[in-house]
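Now for the letters of each chain:
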Amino acid sequence: AQKVTQAQTEISVVEKEDVTLDCVYETRDTTYYLFWYKQPPSGELVFLIRRNSFDEQNEISGRYSWNFQKSTSSFNFTITASQVVDSAVYFCALRTNAGKSTFGDGTTLTVKP
Amino acid sequence: NAGVTQTPKFRILKIGQSMTLQCTQDMNHNYMYWYRQDPGMGLKLIYYSVGAGITDKGEVPNGYNVSRSTTEDFPLRLELAAPSQTSVYFCASSSTRPPQASSGANVLTFGAGSRLTVL
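Protein chains in written order, with my numbering: chain A, 9 to 121; chain B, 3 to 121.
To be clear, the hints were calculated from the coordinates, so they are not data collected in a lab.
Note that the Cβ used here is the ideal one computed from N, Cα and C, for glycine as well.
Accuracy of the hints is not assured; some may be wrong.
Claimed, not checked - Here are the simulated distance ranges between beta carbons:
hint : chain 1 : residue 1 : chain 2 : residue 2 : range
1    : B       : Asn64     : A       : Glu67     : 35 to 41 Å
2    : A       : Phe62     : B       : Met43     : 39 to 45 Å
3    : A       : Gln91     : B       : Met43     : 37 to 43 Å
4    : A       : Ala15     : B       : Thr119    : 29 to 35 Å
5    : B       : Thr98     : A       : Lys120    : 27 to 33 Å
6    : A       : Ala89     : B       : Leu121    : 28 to 34 Å
7    : A       : Pro121    : B       : Gly53     : 30 to 36 Å
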């Protein structure tokens with residue numbers, strides 16, 4: 009069985025603050041993929057970042073960065089210099105090699121001006 | 003290139019009625035998924051398919067059926083609607099085939115969602 013846990017239900021920050029969203033996952037697979045998706049108030053789901061289980065290199069893409077640690081089964085996502093438009097629900101997701109994709113319950117981020 | 007198209011966008015059903023949510027994708031993706039999202043909650047996997055003719059249960063399959071007769075289409079059937087099935091339903095697809103495999107492997111492309119209310 010696989011599971012994704014996002015312990016933070018809601019986070020509120022002031023614009024320009026950095027914010028980190030936590031994600032912990034469980035899987036028995038040795039090959040898997042981790043994702044972050046964003047759901048703005050309009051309701052659509054938008055892909056943000058992806059990481060393969062065999063590549064633990066952490067990267068930065070614009071204001072987004074992520075910290076993947078296999079040893080602790082964590083895949084945390086950081087937004088630097090947050091903006092009001094970042095206000096949304098953020099989902100962490102795990103996909104096994106067999107194709108099954110499981111989502112966490114989401115973290116609602118509110119960025120206040 | 004329309005991506006993932008779901009119909010209808012909104013539907014109200016009476017208890018016990020049946021309906022089919024349609025989902026089609028034009029990206030030649032081999033994987034397709036159905037999720038439901040209850041208010042304030044995350045996405046729960048209902049069924050998924052790794053290719054035409056192959057389907058498998060997700061976390062919450064009870065009360066639903068699917069079929070995958072073509073690569074493009076993955077309809078979701080509700081046989082006897084119940085109030086507990088009131089939710090927003092999302093269809094999604096992804097690819098493990100080149101060239102998508104190298105650039106966007108396994109990234110889910112979602113439809114716009116279908117809001118279903120059962121009264």
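Here is what the structure says about each hint:
no.: 1; hint: B/Asn64 - A/Glu67: 35 to 41 Å; verdict: 40 Å, holds
no.: 2; hint: A/Phe62 - B/Met43: 39 to 45 Å; verdict: 31 Å, violated
no.: 3; hint: A/Gln91 - B/Met43: 37 to 43 Å; verdict: 26 Å, violated
no.: 4; hint: A/Ala15 - B/Thr119: 29 to 35 Å; verdict: 31 Å, holds
no.: 5; hint: B/Thr98 - A/Lys120: 27 to 33 Å; verdict: 41 Å, violated
no.: 6; hint: A/Ala89 - B/Leu121: 28 to 34 Å; verdict: 46 Å, violated
no.: 7; hint: A/Pro121 - B/Gly53: 30 to 36 Å; verdict: 48 Å, violated
In terms of the numbered hints stated before, the structure departs from hints 2, 3, 5, 6 and 7, listed from lowest to highest.
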